[in-house]
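Undergrad: Chains as they are written, first to last, in my numbering: chain A, 955 to 1340; chain B, 505 to 722.
Careful, some of the hints might be misleading.
[Claimed, not checked] Lysine-lysine pairs mimicking DSS-like chemistry, simulated, CA-CA at most 27 angstroms apart: (1) A:K1009 to A:K1180; (2) A:K1262 to A:K1021; (3) A:K1021 to A:K1269; (4) B:K580 to A:K1269; (5) A:K1180 to B:K573; (6) A:K1204 to A:K1145; (7) B:K616 to B:K511; (8) B:K573 to A:K1021; (9) A:K1145 to A:K1180; (10) A:K1204 to B:K616.
[What the hints assert, rightly or not] Some residues of chain B that are not near chain A, with every Cβ distance over 12 angstroms (derived): (11) S512; (12) C521; (13) G533; (14) V547; (15) A554; (16) D560; (17) V607; (18) G618; (19) L627; (20) W642; (21) R667; (22) D686; (23) H697; (24) R703.
None of these hints come from the bench; they were simulated from the model.
The beta carbon of each residue, even a glycine, is placed where N, CA and C say it ideally should be.
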Amino acid sequence: MSTAIHPAAAFDLEPVTEPGSEQLLEIAMGPQHPSTHGVFRMNVVLDGERVVRLKPVFGYLHRNHEKIAENETYLGSMPYTDRLDYMCPLTNNWAYALAVEKLAGIQVPERAEYLRVITGELTRLQNHACLIGFLMQDMGASGTPLMYAFRQREIILDLFEALTGARMMCNYMRFGGCRVDLPSGWLDHAKKVVAEFPRFLDEYESLLVSNEILMDRTQDVGVLSKELAINAGISGPMARASGVDYDIRKVDHYSIYDRFNFRVPLGSHGDVYDRFMIRVLEMRESLGILQQAMRDIPQGPIVDPKTKIRGFRPKPGEAYGRIEAPKGELGFYLISDGSPNPYRYRVRPPSLINLTILEDLCLGRNVADVVVILGSIDIVMGEVDR
Amino acid sequence: MNLETVKSEIEANVPGCRLEIVANPSPSGQHSLLLDTQHAAAVALYLRDAPDLRFDFCSNVTGIDWPDKELSQKVKVRKLVDGVEQEVEETRTTNIPGNLEVVYHLYSVEMKHGPIILRMRTLDRGTGVHLPSFTPIWRSAELQEREIFDLYGVIFDGHPDLRRLLMWDEFQDYPMRRDYADPDDYEYEPTAHDEVLQRAQQHLSQANPAQFSEAEGR
Chain A
955 MSTAIHPAAA
965 FDLEPVTEPG
975 SEQLLEIAMG
985 PQHPSTHGVF
995 RMNVVLDGER
1005 VVRLKPVFGY
1015 LHRNHEKIAE
1025 NETYLGSMPY
1035 TDRLDYMCPL
1045 TNNWAYALAV
1055 EKLAGIQVPE
1065 RAEYLRVITG
1075 ELTRLQNHAC
1085 LIGFLMQDMG
1095 ASGTPLMYAF
1105 RQREIILDLF
1115 EALTGARMMC
1125 NYMRFGGCRV
1135 DLPSGWLDHA
1145 KKVVAEFPRF
1155 LDEYESLLVS
1165 NEILMDRTQD
1175 VGVLSKELAI
1185 NAGISGPMAR
1195 ASGVDYDIRK
1205 VDHYSIYDRF
1215 NFRVPLGSHG
1225 DVYDRFMIRV
1235 LEMRESLGIL
1245 QQAMRDIPQG
1255 PIVDPKTKIR
1265 GFRPKPGEAY
1275 GRIEAPKGEL
1285 GFYLISDGSP
1295 NPYRYRVRPP
1305 SLINLTILED
1315 LCLGRNVADV
1325 VVILGSIDIV
1335 MGEVDR
Chain B
505 MNLETVKSEI
515 EANVPGCRLE
525 IVANPSPSGQ
535 HSLLLDTQHA
545 AAVALYLRDA
555 PDLRFDFCSN
565 VTGIDWPDKE
575 LSQKVKVRKL
585 VDGVEQEVEE
595 TRTTNIPGNL
605 EVVYHLYSVE
615 MKHGPIILRM
625 RTLDRGTGVH
635 LPSFTPIWRS
645 AELQEREIFD
655 LYGVIFDGHP
665 DLRRLLMWDE
675 FQDYPMRRDY
685 ADPDDYEYEP
695 TAHDEVLQRA
705 QQHLSQANPA
715 QFSEAEGR
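With the hints as extra help, turn the sequences into a complete structure.
TA: Following this line, the structure appears as structure tokens:
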């Protein structure tokens, strides 16, 4: 059985022996290719324009994040989590804080939970808006839709900067709460941003949803079945586009999501168009959650006063904590041996696991569709390669 | 969901399997099941397909390295010292062999419950690092098992495409093991000498003793 290991270098694909194989062309898409969203390579075998085989090659951005974290204190890893999925630093912070809170049994004050929900849902808004922009860019709508999305993203990043001091590397969550409270006037400004966001969405949707070119390029492209999505561990908007009714906010009842009224949009075809539409609909639901959270946020402490910051040593044991990040299920698995740094620190990266089925989606499609399918999966290489 | 009842249900339905509950003292209370490697695939298949369990979603797959430990104990022994029997304190060291562990976190999308945590352990950290692959049962293990093979050196029997995932294919050694020694940065010092050369040789001899002795003889 051990012969299953392929000693062959990743450069060499298995030789193609089908009849007519002399017609096949083997090319490397990436790593420096604008459509690969970072440094990511796909070794593709083409028959004309048709994809016969596709093998993703990872590791160009690998820095062994997990090993760094094992040599770092618990809190010392918090800024590193910003760099995983650098589009959504706040949800990364949140997932890590949640795992440590499970490991050490820390309670989070009410106001801090609200702050987490507000910043987390704002993160989801800007991630989904940008993803749609990138997807349009991949389809050849160069510039305009992406700039529309980025204009909106900047407004949200300004809010992050006012709150945390940084646009992207926020380092905001702490074990048992958050680092700083809202500055004065922040909430009113954020309410205004949320109130004006639907105007952008309406405009965006009117441009895109029934756009003939978009429909032609995305409908029935990259169809992912419900069964394969579950079996391959696909999570987040990508799974829900295939009709998998699984949202960790609803299933795990983590944080205070039980208090908000929101729906989980589901797709029916599992194609690229559904994945695009799911994100549009999820943004609307996030806006609803934001409005409710901003209305209900109570006064109070923002961090658990009993949690030690210096000399933080959880008792020996292990914990797995996960949240519904914008890209899917983001989990952290920690083992403590009672020392100040974790014995084992593991990130469950949704981007990497969602790439498991990339070849299945692309086989038999054209090269141009590969770009669109990859765009719809929503990957960030900082998280894939860690 | 109670792990005890799941355990007894598996034992009733998978004949011959040996399961053990690994207690987790942390407040998370996530206890896990230790599988024996012979029946692991059958147990996993049962967990996935049993109508009241339906663990169809394998969320997270992780490796852990537990290196060999030396346990030193001070024991009092009666001994003849210079012809007189005396009580002497002696330190006895016992070597506890280490192993590599793989952990699977399973959830059920259909029944919306979980997690159930499975563990498997290799015989040792040297040649007995074979474990059955769960990729034929859950596709989501495909890339994650490749990652564990890459970073820990666990060989998953039955994995369809077991190659390195994050490191390059020619890379030796397993970076996530606890006793891994950093390679020296050859990029800045293409012809290693003096102190750097010593460290480089030390690293090479650890990474691949057989190849190193050949290179030395040259």
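Undergrad: For each hint, tell me whether it holds in the structure or not.
TA: We went through each hint and held it up to the structure:
For the hint linking A:K1009 to A:K1180, the alpha-carbon distance of about 23 angstroms falls within 27 angstroms, and the restraint holds. Distance hint between A:K1262 and A:K1021 is fulfilled; the C-alpha atoms sit about 24 angstroms from each other, no more than 27 angstroms. Only pairs whose Cα atoms come within 27 angstroms are accepted, and A:K1021 paired with A:K1269 is accepted, the gap being roughly 21 angstroms. Using a Cα cut-off of 27 angstroms, the hinted pair B:K580 and A:K1269 is violated, with the two alpha carbons roughly 33 angstroms apart.
About 46 angstroms separates the Cα atoms of A:K1180 and B:K573, which puts this hinted pair outside 27 angstroms; it is violated. Between A:K1204 and A:K1145 the alpha-carbon distance is near 25 angstroms, which keeps this suggested pair within the 27 angstroms criterion. Restraint check for B:K616 and B:K511: satisfied, since their Cα atoms lie roughly 19 angstroms apart, inside the 27 angstroms limit. A threshold of 27 angstroms between alpha carbons decides the hint, and for B:K573 with A:K1021 the separation of about 20 angstroms falls inside it, so the pair holds.
Proximity of A:K1145 to A:K1180 is assessed by CA-CA distance (about 37 angstroms); at most 27 angstroms being required, the pair is judged violated. Taking the CA atoms of A:K1204 and B:K616, the gap is near 10 angstroms; set against the 27 angstroms cutoff, the hint holds. For B:S512, the condition that its CB be more than 12 angstroms from all CB atoms of chain A holds, with the nearest at approximately 24 angstroms. The claim that B:C521 lies off the interface holds: its Cβ sits roughly 20 angstroms from the closest Cβ of chain A, which is beyond the 12 angstroms cut-off.
Distance check for B:G533 against chain A: the nearest CB is about 9 angstroms away, which does not clear 12 angstroms, and the non-interface claim fails. Its beta-carbon lying about 18 angstroms from the closest one in chain A, B:V547 satisfies the requirement of being farther than 12 angstroms from that chain. With a cut of 12 angstroms on Cβ distances, B:A554 stays outside the contact zone with chain A, its closest approach being about 16 angstroms. For B:D560, the requirement that its beta carbon stay farther than 12 angstroms from each beta carbon of chain A is not met, with the minimum near 5 angstroms.
Not every Cβ of chain A is farther than 12 angstroms from the Cβ of B:V607; the closest lies at roughly 7 angstroms, contradicting the non-interface assignment. The Cβ of B:G618 sits about 9 angstroms from the closest Cβ of chain A, inside the 12 angstroms cut-off, so the non-interface label is violated. With a least CB separation of 14 angstroms from chain A, B:L627 remains clear of the 12 angstroms interface cut-off, as annotated. Not every beta carbon of chain A lies more than 12 angstroms from that of B:W642, the smallest distance being close to 6 angstroms; the non-interface claim is violated.
Distance to chain A contradicts B:R667 as a non-interface residue, since its nearest Cβ pair spans about 5 angstroms, not more than 12 angstroms. Here B:D686 does not stay apart from chain A, with its beta-carbon only about 10 angstroms from theirs, under the 12 angstroms limit. Listed as outside the interface, B:H697 is consistent with that label: its C-beta sits roughly 28 angstroms from the nearest C-beta of chain A, beyond the 12 angstroms cut-off. Against the 12 angstroms criterion, B:R703 stays outside the reach of chain A, whose nearest CB is about 19 angstroms from its own CB.
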